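Peer 1: So the protein lines, in turn, are chains A and B.
The opening position of the first sequence corresponds to residue 1 in the numbering used here, with each subsequent residue numbered one higher.
The opening position of the second sequence corresponds to residue 108 in the numbering used here, with each subsequent residue numbered one higher.
Because the hints were derived from the structure by calculation, they are not lab data.
Take these hints with a grain of salt, some might be off.
What the hints assert, rightly or not - Covered stretches of chain A, going by a simulated chain B footprint (3 or more residues, C-beta under 8 angstroms):
no. : stretch
1   : 2-12
2   : 16-22
3   : 64-70
4   : 84-98
Claimed, not checked - Using 25 angstroms as the maximum straight-line C-alpha spacing, the simulated PhoX-like pairs for lysine-lysine come out as follows:
no. : chain 1 : residue 1 : chain 2 : residue 2
5   : B       : K111      : B       : K126
6   : B       : K126      : A       : K4
7   : A       : K19       : B       : K111
8   : A       : K19       : B       : K126
9   : A       : K19       : A       : K4
Just so it is clear, the structure is predicted and the values come from calculations on it, not from any experiment.
Where a beta carbon is used, it is the ideal one built from N, C-alpha and C, also for glycine.
There are 2 protein chains.
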Amino acid sequence: MFLKNVARGARFNPARMGKTTIAQGEFLFAGLNSFEPGQEHASHAHEGQDKLYIILEGEGLVAIGSQEERLTPGDVAFAPSGVLHSIRNPGPQRLIVMAILAPPPRQ
Amino acid sequence: MFLKNVARGARFNPARMGKTTIAQGEFLFAGLNSFEPGQEHASHAHEGQDKLYIILEGEGLVAIGSQEERLTPGDVAFAPSGVLHSIRNPGPQRLIVMAILAPPPRQ
C-alpha cells in the first residue's frame, strides 16, 4: 500500500485532536494526529504498547516521561511501553503528527 | 526519547544500504535505511512482521507485492506481514528512508 503526501490526509476537528488511519496491520498501526492551535493529547501511557511520533507539519510540545521538547518537522519522539507521554500544539500553525503504535490499539 | 532532524543521523555505506537505529523498543523498531544512487534493498518478506517506510530525502522506487511506485519525501509505503517488498534508489540524489518494523527484528 502506498500513500503519497501522507499529511494531505489530515482531518482536523474543532472539538479535539483529529485522527486519521494510514495503515492498519496485524502488528503495527499508523495514523495522523491533527491539532488546531491550543489542542493537545493529554498525558497518558500504554502498557504493552510502544509509540513513535514523527512531526510532519507545525510545531509540537511533546513530553515523554519527565522530559519536554519543542519539536518541528523531521523530529521524532519515542514513548516506550508504560511511559507517560503528551503532545500539545502551542500554535499559531496547525500541527500534524504521524503516530505509530505497536501492537495496534484494540478495535 | 527525542531525536531532532532525524535524517541527519543517516549513515551511507559505499558497499550496500546503510542502516542506523532510531528507536529500539520491545514492540517496535525504527531505523534509517540510506541508499547511494543505484543501491537497493532487494525483494524480501518478513513473516509475522509489518513494515512501514517513510521517505525522508531523495526518491525511491518501492515495490510492495506486485505494485511499484516512485516515492518522494512525505510519501509512505506499508508492507504487511508476509508481503514481498523492495526499495531502490534510481538517483541521482541520495535516498533516506525511515523503516519501522513491528515486532522488532531479533538481535
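Peer 1: So, for every hint listed, does it hold in this structure?
Peer 2: Hints and how they fare:
1. Given as covered by chain B, the stretch 2-12 of chain A passes the check, having 6 residues with a CB less than 8 angstroms from a CB of that chain where 3 are the minimum.
2. A count of 1 residues in the stretch 16-22 of chain A with a Cβ less than 8 angstroms from any Cβ of chain B is obtained; the coverage claim is therefore unmet, three being the minimum.
3. Three residues within the 8 angstroms Cβ limit are the bar, and the stretch 64-70 of chain A against chain B gives 3, so the coverage statement holds.
4. With 1 residues having a beta carbon nearer than 8 angstroms to a beta carbon of chain B, the stretch 84-98 of chain A misses the requirement of three or more and the stated coverage is violated.
5. Between the alpha carbons of B/K111 and B/K126 the distance comes to roughly 18 angstroms, so the proposed pair stays at or under 25 angstroms and holds.
6. A hinted pair counts as satisfied when its Cα atoms are at most 25 angstroms apart, and B/K126 with A/K4 qualifies at roughly 24 angstroms.
7. A distance of roughly 24 angstroms separates the Cα atoms of A/K19 and B/K111; the hinted pair therefore holds under the 25 angstroms criterion.
8. For the suggested pair A/K19 and B/K126, the alpha carbons sit about 31 angstroms apart, so the restraint of at most 25 angstroms is broken.
9. For a cut-off of 25 angstroms, the pair hint linking A/K19 to A/K4 stands: about 18 angstroms separates their Cα positions.
In summary, the numbered hints that this structure violates are 2, 4, 8.
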